[in-house]
Amino acid sequence: MEKITSFTIDHIRLQPGIYVSRKDKVGAETITTFDLRMTSPNEEPVMNTAEVHTIEHLGATFLRNHPEYKDRTIYFGPMGCRTGFYLLLAGDCSSRDVLPLIRQMYEFIRDFREAVPGASPRDCGNYLDMNLPMANFLAKRYLDQVLYRINDSRLIYPE
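So that you can map any letter, position 84 of the sequence shown is 72 in this note's numbering, and since no number is skipped, the others follow by simple counting.
No lab work stands behind these hints, which were simulated from the structure alone. Treat the numbers as computed from the prediction; the structure is a model and nothing was measured. Glycine is no exception: its CB is placed at the ideal position from the N, C-alpha and C atoms. There's no promise every hint is true.
As the list claims (entries may be wrong) - Distance condition first, Cα-Cα at most 30 Å in a straight line; then the derived DSS-like pairs of lysine-lysine:
(1) K58 x K128
(2) K58 x K13
(3) K(-9) x K11
(4) K11 x K58
(5) K(-9) x K13
(6) K(-9) x K128
To be verified - Quick list of simulated restraints, FRET-style, between CB atoms:
(7) R10 x N36: 23 to 29 Å
(8) Q3 x L116: 30 to 36 Å
(9) S(-6) x P109: 32 to 38 Å
(10) Y115 x I144: 36 to 42 Å
(11) E31 x R84: 35 to 41 Å
Generate coordinates for the entire structure from the input sequences, incorporating the hints supplied.
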């Protein structure tokens, strides 16, 4: 069986950043999958499920309400390894193209202080597993350490 593309990336050299994971054709449309890597795989502790779940709810809410990207957002959700998130957008995009959107989304998460959208038993299957203060902290950390000073080494997968 062939390895899937994401398992061919050198996770020893991979650092936090925004990477194009793959591009797929669905009919005439291109779907771009982004790897929003928030922690250094196999070097740093992974994120706990509560903050990952909170970032997922806030990020999805932000994207589905964004004036330009709401109709282009296919999916936003966590990686199983808990080192980041996948974002699928309709369109043939580059990491640099979406950098302003990703900054805005993480600023929204960093600054969010209200009740987490969808964090109720009616709306979510695990609504108690949320940690907003830690989600705020991790968003700030990603912004300060990566997104505000990003360069090409954090926008293109390492060879």
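Quick rundown of the hints versus the structure:
Of the pairs offered as hints, the one joining K58 and K128 holds, with about 23 Å between alpha carbons and a cut-off of 30 Å not exceeded. Restraint check for K58 and K13: the C-alpha separation of about 20 Å stays at or below 30 Å, so the hint holds. Only pairs whose Cα atoms come within 30 Å are accepted, and K(-9) paired with K11 is accepted, the gap being roughly 17 Å. This hinted pair checks out: K11 and K58 have alpha carbons roughly 19 Å apart, not beyond 30 Å.
Simply put, K(-9) and K13 have alpha-carbon atoms about 20 Å apart, close enough for the 30 Å limit, and the pair holds. Of the pairs offered as hints, the one joining K(-9) and K128 is violated, with about 34 Å between alpha carbons and a cut-off of 30 Å exceeded. Between R10 and N36 the CB atoms are about 27 Å apart, so this pair conforms to the stated range of 23 to 29 Å. At about 33 Å, the beta-carbon gap between Q3 and L116 stays in the expected band of 30 to 36 Å.
Under the hint 32 to 38 Å, the C-beta atoms of S(-6) and P109, about 33 Å apart, fit the expected range. Restraint check, Y115 to I144: a C-beta distance of roughly 38 Å satisfies the suggested window 36 to 42 Å. Look at E31 against R84: about 25 Å separates their beta carbons, and that is not inside 35 to 41 Å.
Of the numbered hints given earlier, the model fails hints 6 and 11; all others are met.
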